[in-house]
Structures are given as structure tokens and as C-alpha cells.
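Asks: I would like the entire structure built from these sequences, with the hints used as guidance.
There are 2 protein chains.
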Amino acid sequence: MNDASRIWTAALLVIGDEILSGRTHDKNIAQVATWLNVQGIRLKEVRVVADDMAAIVEAVNALRARNDYLFTTGGIGPTHDDITVDAVAAALGVEVVIHPDARAMLEAYYAPRGGVNEARLRMARVPAGASLIENALSGAPGIAVANIHLLAGVPHIAAEMLAALTGKLEGGLPVLSATIGCWVTESEVADLLRETEQTHAGCQIGSYPFFREGRVGANFVIRSIDQRVIDACAADLVAGLGALGRTGVPGGI
Amino acid sequence: MNDASRIWTAALLVIGDEILSGRTHDKNIAQVATWLNVQGIRLKEVRVVADDMAAIVEAVNALRARNDYLFTTGGIGPTHDDITVDAVAAALGVEVVIHPDARAMLEAYYAPRGGVNEARLRMARVPAGASLIENALSGAPGIAVANIHLLAGVPHIAAEMLAALTGKLEGGLPVLSATIGCWVTESEVADLLRETEQTHAGCQIGSYPFFREGRVGANFVIRSIDQRVIDACAADLVAGLGALGRTGVPGGI
Chain A
1 MNDASRIWTA
11 ALLVIGDEIL
21 SGRTHDKNIA
31 QVATWLNVQG
41 IRLKEVRVVA
51 DDMAAIVEAV
61 NALRARNDYL
71 FTTGGIGPTH
81 DDITVDAVAA
91 ALGVEVVIHP
101 DARAMLEAYY
111 APRGGVNEAR
121 LRMARVPAGA
131 SLIENALSGA
141 PGIAVANIHL
151 LAGVPHIAAE
161 MLAALTGKLE
171 GGLPVLSATI
181 GCWVTESEVA
191 DLLRETEQTH
201 AGCQIGSYPF
211 FREGRVGANF
221 VIRSIDQRVI
231 DACAADLVAG
241 LGALGRTGVP
251 GGI
Chain B
1 MNDASRIWTA
11 ALLVIGDEIL
21 SGRTHDKNIA
31 QVATWLNVQG
41 IRLKEVRVVA
51 DDMAAIVEAV
61 NALRARNDYL
71 FTTGGIGPTH
81 DDITVDAVAA
91 ALGVEVVIHP
101 DARAMLEAYY
111 APRGGVNEAR
121 LRMARVPAGA
131 SLIENALSGA
141 PGIAVANIHL
151 LAGVPHIAAE
161 MLAALTGKLE
171 GGLPVLSATI
181 GCWVTESEVA
191 DLLRETEQTH
201 AGCQIGSYPF
211 FREGRVGANF
221 VIRSIDQRVI
231 DACAADLVAG
241 LGALGRTGVP
251 GGI
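So the sequence lines, in the order shown, correspond to chains A and B. Each residue of the first sequence is one higher than the one before, counting from 1 in our numbering. Each residue of the second sequence is one higher than the one before, counting from 1 in our numbering.
Read the hints as simulated data drawn from the structure, not as lab findings.
Repeated chains share a single entry, so a pair holds when one copy, or any two copies, can fit it.
Calculated cross-link-like contacts (lysine to any residue; reagent style SDA-like; alpha-carbon spacing at most 20 Å):
#1 K168 x V38
#2 K27 x V154
#3 K27 x P155
#4 K168 x V145
#5 K27 x R212
#6 K27 x P209
#7 K27 x F211
#8 K27 x N219
#9 K27 x A163
Replies: Structural data, given as C-alpha cells:
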């Protein structure tokens, strides 16, 4: 296996009672997935756990061991339910320490906002050996330790942290995709999809049905790291749909 | 522990490349979580895996063993990437069979739509011993087997299947909640939140910061199975915020 074919993988651990209660609709899965793909890293699995020490430690250890990277979102704020730093430190078997740069960032940020107190200083706590991920928005940084990146749970703050990491993680070739839409029921084209995928080694075709304006349709998403494979597969799929009397719409419906 | 204090738990396994690629924003986590809570069942953990047999089997076996219920969404359609039935059967060590009632439902549904073909008949395949979950929308039923419920990935079809299951699963007391909003930074009230939670046994307080109209605020969500505990905790929290010169807004901001 040469470098170009090395597949880099990541897992995401979403931490927070609010997702499991249904109160908050998660936005970080799609955000992290999309960002990872641009970095040439594939999101292999996601877990969502509660603000529970044992559950976080178990998931961190399972996920970090079998992926190149683990990202977490949530639980790095100043309140009693923010226990991600402690859980990651426990999973790694290291102490929690105050990071001097994080303390300085928080002191600068809060100087005109009432100063640093004990709760705010919690956001300078990191697993020993960690470095910081810049967060221009709120002064409280993300944290990188071992192969783990701890991001905020608030999606637009997580986005800032991802922006700070852009281009800095080693990855492989990004997965490219093309979409063909069609006003057709999936079950009419199931054989065509399977056969077209088999004909083009190195691509996958996903089929995503929808119901709109009282009509049934589907989008077929072709994915590969090779644009030529995608183009050939898409051309065959459109031709195959045409042979069935259907029109494939490049770009999707 | 008596019956009233028995806590019923569930896990959710979301199956689909489209979630992990970032193409599709998951809506089933929040939908299933909200529905489960009304049934008196707590969603303890969620995993998202690809359309990959080994990954699904591993997750099914891990999650079904340690929860009262496991729900899956996705991968029960007619196309080649729909492998949930095969994976659940493999996890349970049973055969895949054609369910006669599912076949009859599909034949009735597709009679005016071109009839049943091989792909459509795939949606009558179930793990041996399964029963069906009604789906009035598209003719293809959900599947119940052992403690596992297989739902569609399309959110409004999954909703139909959840509606068919409403009130039919054994559960405990639903978790109740109340929200208090406040224009305050979390770090100013971290001590108050921790102390208020500790004072009221049987409740948890979650803190969810937000940024709106250029201002910082947070919603504090109090959860318990006992409305009296919630009411007492909410009253103390509002009083505590008042003592800090802040106004707690019942219902949240």
C-alpha cells in the first residue's frame, strides 16, 4: 500500500444529555463529516453518549484505538456538567493540569468582562501533554491531546476550531462524489444500481429516496477518490436509466 | 427497587453512509429520543455506522446486550446498500426469511404500481422470528425481532413506524423537564447550578449557552421523573439567579 492509497479514518464522539433527550438537534455530525472529507479523512463512526464519566471514557478508548483521529464535541465549558476534559484524561491515564496559554487567553478575554473566576478557569484545564486549538470567538480554546481533538458543543464555536485545524492534519485523498437524480422508485432500478456499481471498481453508489410534490424519486450518489471513475460510472448510470425510459438528472433533484 | 423506579433504556443505531459523509443531516436521533421519552424509556447512547456488515453486526450486538431496547434507522429499503436485515439476522444468529404478511402488504401496495419485483420483495425479508411494524405510507413495514426495532431511514416514514409502536412498549416513568433561561454567562452561575442540583436529589440540571442578538445567555434544563422536584429546583434556581441580580425566565429564552 503506497501513501496515496492510505485511508485515514476518524471517529466522532458527541457528548451531551441534550442530544439524547431530543432537546437539541445535533448539527456537529454533518459539520465534522463535511470538514473531515475535505481533509482527506473519512468519518467511520459516530457515538453519542450522556454527560457520564464512565460512558465517555469507554467510548473514547474504543474509538481512539481504531481510528487515526478521534474528535469530541461538547462538555468543555465552565459548568458542572462539563466533564469531557476529566474523562479524556482518565481514558489516557494522565493528570488534568492548567494550561498556561489557555489561562492567559481566558484572562485576556475576560479582563473587560469581570475577570477570571474559578468556573472560567475550568476552561483552562487540559489533559497533561495537550496543546490548544484556537477559538477566536469566546476565548476558551479547544484541546488536542494524543490523537484526540476536543471541540466545543456549540456548533459555530466548533466550526471556529475546525477552521483553526484546517490543513493541519495528515490525511489522504478526499472522497469525491457526483449525484444523479431521477423521478423513479428505487425498487425499479435496484438491479441497475447494483450492476453499475460492480462494473466500476473503486466506487460506491448510495440510493436516497424522497417524496416531493406528491411524487416519488431518488438521488443516487456516486463516491470515489478517482474523478474518472465517478465520471464513467455516472455516464453509465444515466445511460442505464435512459434504457429504462427514465431521465437521470446530473446534480440531483 | 420497585417497578416505578425501574429505568428502561434504549440505544439507537443510525445506519447509513449518507450521514457519515455529511450529505444528509440526521433527523432521527432527535425524533426517536423525543418519542422514547414519552414512552418512559431513556435513550442512553447512539451510534452511527456505515452500510457495512461487520460494523452493523458489532454495534447491534454491543447495544442490544446492554439496553432494554435497540432501535435502528436506515438500510431496510430495496437497493443493494440496504443490508440492515441481513446484519441483524447475522447478529442474532438466525436466518433471513420472507415474512408472508410483509409479502402480502407489498403485493397489495404495488398492485396498482407495476407489481412486486425482486427488489421490492427484498422489503419482505426479515430475520426469522420477526414481527412487523405497520407503515401506512409506503407499504414496506418496519421489523421487530428480539429487543430490536428496525425503522426506516427516511424520517417521516420512521415517524409512521414510531406512531404504530406508541404505547406498546413497556417503559417506566417519563422524564419531565423545565427550562429556565437567563441573559448571563454560564461561568457566572456555575457554582449556583452545581449547588442547586446537589440540593435537589433526583434532578439533573443541564446548562446550554447561546449567543443571540449580540448577547450571551444560557438555558438551564432541569430534568427529573418527579414534577415536585422540578418545581422546587426551578424555584430555587430562579431565587438564586435573583440573588445575583439576574432574572430567570421560566420556559427558557
